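In the working numbering, the protein residues as written are 306 to 421.
Derived from the structure by calculation, the hints contain no laboratory data.
It is possible that some hints are incorrect.
Said to hold, decoys possible - Capping the alpha-carbon separation at 25 angstroms, the derived lysine to any residue pairs in SDA-like fashion look like this:
#  : residue 1 : residue 2
1  : Lys327    : Ala379
2  : Lys327    : Asn389
3  : Lys402    : Phe369
4  : Lys402    : Lys327
5  : Lys402    : Trp382
6  : Lys327    : Leu350
7  : Lys402    : Gln390
8  : Lys327    : Asn349
9  : Lys402    : Leu347
10 : Lys402    : Asn389
11 : Lys327    : Leu366
12 : Lys402    : Leu420
13 : Lys402    : Thr391
14 : Lys402    : Met363
15 : Lys402    : Leu421
16 : Lys402    : Ser362
17 : Lys402    : Ala415
18 : Lys402    : Leu385
19 : Lys327    : Ser360
20 : Lys327    : Ser362
21 : Lys327    : Leu354
22 : Lys327    : Ala345
23 : Lys402    : Ala379
24 : Lys402    : Leu412
25 : Lys402    : Asp356
Just so it is clear, the structure is predicted and the values come from calculations on it, not from any experiment.
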Amino acid sequence: MFPQRSSVTYRTPATHQPPPAKELADNVDYPNLNVADMNARLENLTPRLHDCFDSISMNELQHFALATNHREGAQWWGMLFGYNQTDHMAVDNADFKLQCECTVNILRYADNNVLL
């Protein structure tokens, strides 16, 4: 078999005329999940406990730090929550919360009041 250029083998056919991107937005019959369409969708950035709990840490005073991450689509980001009681671990009852532009993988207490 002779080497071929992938740009020739996988080029778009000349007869391919897709509808404009604005017509394809939120169309389930012809989904347009390219970069332009993904960037046009607004990301929900409200603080929340995501499905992916990556790390939880507890100090000697039984204070908890919890890291949850949003790992769907092209945008990954994380949330960090702190609680002083285990019976009320919810978004509204967090003693502190921090949204991060990147995922949070490991949390550890270096001391009772120092979180790494």
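If any of the earlier hints don't hold here, list their numbers in rising order.
2, 4, 11, 19, 20, 21
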